[in-house]
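Asker: Start from the sequences, fold in the hints, and give me the full structure.
From first to last, the protein sequence lines are chains A and B.
Be aware that the first sequence starts at 0, since it is given in numbering that gives the first Met the number 0, and climbs by one per residue.
Be aware that the second sequence starts at 0, since it is given in numbering that gives the first Met the number 0, and climbs by one per residue.
Treat each hint with caution, since some may be false.
Note: identical chains are not told apart, hence a pair may lie in one copy or across any two.
[Unchecked claim] Computed list of lysine-lysine pairs in DSSO-like fashion (alpha-carbon distance at most 30 Å, straight line): (1) K59 to K17; (2) K96 to K137; (3) K137 to K93; (4) K125 to K6.
No lab work stands behind these hints, which were simulated from the structure alone.
Next come the chains, spelled out residue by residue.
Number of protein chains: 2
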Amino acid sequence: MYLCIVKLEQAIQSSKFKNEVHKATLNILYTAWWLKTIMSNELKEFGLTHEQYNVLRILKGKHPEQVCVKDISCRMIEKSSNVPRIIDRLVIKKLVKRADSPFDKRETVISLTQSGITILEVTTEKINELMETSVIMKSQDAAQINMLLEKLRGTE
Amino acid sequence: MYLCIVKLEQAIQSSKFKNEVHKATLNILYTAWWLKTIMSNELKEFGLTHEQYNVLRILKGKHPEQVCVKDISCRMIEKSSNVPRIIDRLVIKKLVKRADSPFDKRETVISLTQSGITILEVTTEKINELMETSVIMKSQDAAQINMLLEKLRGTE
DNA sequence: AATAAATAGGTGTATATACATTTAATAGTA
DNA sequence: TACTATTAAATGTATATACACCTATTTATT
Chain A
0 MYLCIVKLEQ AIQSSKFKNE VHKATLNILY TAWWLKTIMS NELKEFGLTH
50 EQYNVLRILK GKHPEQVCVK DISCRMIEKS SNVPRIIDRL VIKKLVKRAD
100 SPFDKRETVI SLTQSGITIL EVTTEKINEL METSVIMKSQ DAAQINMLLE
150 KLRGTE
Chain B
0 MYLCIVKLEQ AIQSSKFKNE VHKATLNILY TAWWLKTIMS NELKEFGLTH
50 EQYNVLRILK GKHPEQVCVK DISCRMIEKS SNVPRIIDRL VIKKLVKRAD
100 SPFDKRETVI SLTQSGITIL EVTTEKINEL METSVIMKSQ DAAQINMLLE
150 KLRGTE
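Answerer: Here it is as structure tokens:
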């Protein structure tokens, strides 16, 4: 696959954009795919998918607290992720464990196992290194991107 | 679903970012999901998925030429899309047709049907309207985003 | 020409997305 | 209290992603 391609025009073999805004939407979609792909390549050797990693990260943020499925869902980057099934796979790999909530019997609460913590430390280290080397972005540029993306999603 | 949420911190219920660059990567991933979601909502009433729409757009760009599966694949925003199966669904809906290539018997060439052209005109109109109203971006900001995203993917 | 290597497209499988439905439990209301 | 509405999680289905593998055909090499 062609992950070294820089220009959008080359990446999607097209230069017919309606305008700069149209090009920007395609560029955002392509860059997100590019980011997910390079991250997934790194996670692959640990048998983790990008989404499983996202769930583990969310659990880490609350550790050693248990987190219910709903709270994990609303912290996911992709809101329509089907969290119960992602957890199924993490349970099989013994990276997280399910338990009944003592407060609300409808809830299932999830927490990291020791293996989950360990794999997360190693993979996070790897992902951070990857970001250092593959994502060329000065802090100021990143802040600019953050501002522009939040502006474009705004509806006020 | 909470598509009106603007700030990333609210969207993913977290404000623990390693740095601005880390936040920017999450912001790009979230914005891509947000864009795909609002576009898919619009396409749904025509029974099209975002990826099917992408294939139709690529065919439109070459129409009335026929395009082989490989050429469609390398023009897709998400490179790992399984194009033969997306085409399967478009064929069932009679929006595209398959034919054997006269030059290379390994190739299948795809082209839009009249219904394909019609549905594409209507949906593109809808998507353009949506972009006008939902994506708040001045041409200059868009150009800035394009520059920054291409810079961050760069490896030279 | 015969064989090997490369290529195009299709197929199989595991995982994920998007969305609807189901079940159990809780909260709210007459 | 009884009934209704809401909520949490799980489950079912169609589509898509990611990746491996297969088959037919073409290209390259000997």
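Asker: For every hint, state whether the structure bears it out.
Answerer: Against the structure, the hints:
1. K59 to K17: Cα proximity of K59 and K17: across copies only (14 Å, versus 43 Å in one copy).
2. K96 to K137: Neither: 39 Å inside a chain and 47 Å across chains, both beyond 30 Å.
3. K137 to K93: Neither: 38 Å inside a chain and 48 Å across chains, both beyond 30 Å.
4. K125 to K6: both (26 Å within a copy, 28 Å between copies)
Taken one by one, the earlier hints fail for this structure at numbers 2 and 3, listed in ascending order.
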